[in-house]
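Student: Protein chains in written order, with the UniProt record's numbering: chain A, 1 to 244; chain B, 1 to 328.
Treat the hints as calculated values from the structure; they're not laboratory data.
All values reported here derive from a predicted model rather than from experimental measurement.
Just so it is clear, CB atoms sit at the ideal spot from N, CA and C, and this is done for glycine as well.
Warning: the hint list may mix true and false statements.
Footprint (simulated), chain B over chain A, 3 or more residues, beta carbon under 8 Å [unchecked claim]: (1) 47-55; (2) 77-83; (3) 188-195.
Here's a subset of chain B near chain A, in silico, CB distances under 7 Å, partners left out [claimed, not checked]: (4) Ala53; (5) Gly55; (6) Thr111; (7) Asp166.
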Amino acid sequence: MSRAELLSPEGLRIDGRRPAELRKITSTTCVLSQADGSAYLEHGNTKVLAAVYGPREARHRALVLHDRAILNVELNVAPFSTGERRRRSKNDKRLLEMASFVKQTFEPVVIATLYPRSQIDIYLQVIQHDGGTLQACINATTMALIDAGIAMTDYVCACTAGWVEREAAIDLNYIEESSDTSEVTIAMLPKSSKITLTQMESRLHVDKLEEVFRLAGEGCKQMYEVMDKTIRDRAEDLARKMAV
Amino acid sequence: MPSLISPAERDYILKGIECNIRADGRQRPDYREVILETGVISQTSGSSRVRLAGGTDVLVSVKADIGPVLVDPETGEGADKGQIICNVECAPSASQQFEGRGADELNNELTQMMTRFLSHNTTTLSTPSSTTSSSTAASNNNGAGGINLSKLCIIPGEQCWILYVDALVLDYGGNLVDAVFMGTRAAIFDTRIPKTEVQDLGDGNFDFEVLDDAEDTEVVEGREDMPICVTLNKIGARHIVDASPLEELCTEAKLVVAVNRSGELCGLQKGQDGGIEPSLLLEMIQFGKTLGQTLIKQLDAKIKAEAEADMIKRQNGQPVVKLGFFAQ
Chain A
1 MSRAELLSPE
11 GLRIDGRRPA
21 ELRKITSTTC
31 VLSQADGSAY
41 LEHGNTKVLA
51 AVYGPREARH
61 RALVLHDRAI
71 LNVELNVAPF
81 STGERRRRSK
91 NDKRLLEMAS
101 FVKQTFEPVV
111 IATLYPRSQI
121 DIYLQVIQHD
131 GGTLQACINA
141 TTMALIDAGI
151 AMTDYVCACT
161 AGWVEREAAI
171 DLNYIEESSD
181 TSEVTIAMLP
191 KSSKITLTQM
201 ESRLHVDKLE
211 EVFRLAGEGC
221 KQMYEVMDKT
231 IRDRAEDLAR
241 KMAV
Chain B
1 MPSLISPAER
11 DYILKGIECN
21 IRADGRQRPD
31 YREVILETGV
41 ISQTSGSSRV
51 RLAGGTDVLV
61 SVKADIGPVL
71 VDPETGEGAD
81 KGQIICNVEC
91 APSASQQFEG
101 RGADELNNEL
111 TQMMTRFLSH
121 NTTTLSTPSS
131 TTSSSTAASN
141 NNGAGGINLS
151 KLCIIPGEQC
161 WILYVDALVL
171 DYGGNLVDAV
181 FMGTRAAIFD
191 TRIPKTEVQD
201 LGDGNFDFEV
211 LDDAEDTEVV
221 EGREDMPICV
231 TLNKIGARHI
241 VDASPLEELC
251 TEAKLVVAVN
261 RSGELCGLQK
271 GQDGGIEPSL
281 LLEMIQFGKT
291 LGQTLIKQLD
301 AKIKAEAEAD
311 MIKRQNGQPV
321 VKLGFFAQ
């Protein structure tokens, strides 16, 4: 099968989007009955479920901190999430690395000093993988933490960006990710525009860096609008039900 | 999920069940409402999502892949059969105890149960009151929970279809086994396998080609005979079905009855550390059998209604949107 061109002459990407266009994002919170907070997020075909348990008693006494909560993140990828079925073990290095990225991203944002001696567990489940898993995980975690009522200083919005052939593009899908494009994931706090996570694996020319980062920042702001709307709608819905 | 239960709570549930009133208002033989949706995951040959009102949420996917046949070295069987490989995983999001390696034992137990009931050569036990339809099911005895494995073979002795059945438990609200099996049955119903064309190259060599037509696919033959499970929990001197998490903690003995639509018993497993008197055991099996048949009828009706609704949408040019998690 010949390699389809990632950017058509008219400037359309392989799935018909413009370079600065995000995929269709749909999300909802409070989807699980056992978890304290949960969120389900779809970035196009990438589907992620986040569950938050906590703050609760820490499992390992040795790890308990006397003045703050500890964060624990576990990431699972379903065997049917990619085109080819593949069972990943729990100790898969890639998954552990991504989980630790998520943890590092949220440690400065969650106001952990409000919950000393306790543990906050974040469980992520990737149901379908079509590019941008890390960004989807971070966004879903933000919403799940809010749903669980855990205090945070700000939303954390994440977006991937990369250089596709001639232009900078955001929210890369699986085909774009796996071909020869560079990809960077950025997580940003929208109010202060501070970046809490930057992760890039491929080569990118330094001249193009600024453009890619700028576009990613804009993508994060767009993500914030979507996530905020979902949360506010849900809060209004709950307030209405409680007022009856 | 609470892993502890107080004596007061236990007593409350026990006494309630004696009086035929359960904690959520149901009676002993009442099942919770089952919400079913098929075709929820793209890139799979078939998928389904089952939710029991009250929490349990299971996602099942079936992927059909081509692989070499598995020949049993002792009996030499299997050269002309396809395979079904099952896997059950409980996500940590389902319950606090499934974190890290906590779910390993449960995963293993469910996987083994599924493998036993679905893909081993089982001789079904027909009851004396069974009709002629059950005898045809017994003669269609490729086992495999009713699924015709010979039909899954492409080139005998070489290549066959392997159905990978992956179940993912997303939320725990009690009664996992039943939900997993119901989801599997629905997913297999939804599964479409591409047609293959086998060419004879001569000299006993064969080559095959997979026809990539999305419209022209085959269903899994024998899917109507797939069993589902009914879990009966013995609490006190009574038994209930579809236990909630608290009721499961009060259970003395658990009985899983696998039954297919003809009323044949396809599997039986007793769990937990209590004992069951033989008379109660027979009663429970009979009850599970009857309830299982009723459930299969309801499930099939749901699947059929969904397929018809989708067909109408397609004919009207409306997009078929699966609700998945957005269903309330």
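Student: A separate judgement is required for each hint: does it hold in the structure or not?
Tutor: Here is what the structure says about each hint:
Under a criterion of three residues with beta carbons nearer than 8 Å to beta carbons of chain B, the stated coverage of the region 47-55 of chain A is upheld, 5 such residues being counted. Counting residues of the region 77-83 of chain A whose beta carbon lies closer than 8 Å to any beta carbon of chain B gives 5, which meets the minimum of three for the stated coverage. With a cut-off of 8 Å between beta carbons, the region 188-195 of chain A has 0 residues touching chain B; three or more are needed, and the interface restraint is violated. Annotation: interface hint on B/Ala53 violated; nearest CB of chain A at approximately 10 Å, more than 7 Å.
About 4 Å separates the beta-carbon of B/Gly55 from the nearest beta-carbon of chain A, less than 7 Å, and the hint is met. Because the closest C-beta pair between B/Thr111 and chain A is about 11 Å apart, greater than 7 Å, the hint is violated. The criterion of a C-beta within 7 Å of any C-beta in chain A is met by B/Asp166, whose closest approach is roughly 5 Å, and the hint holds.
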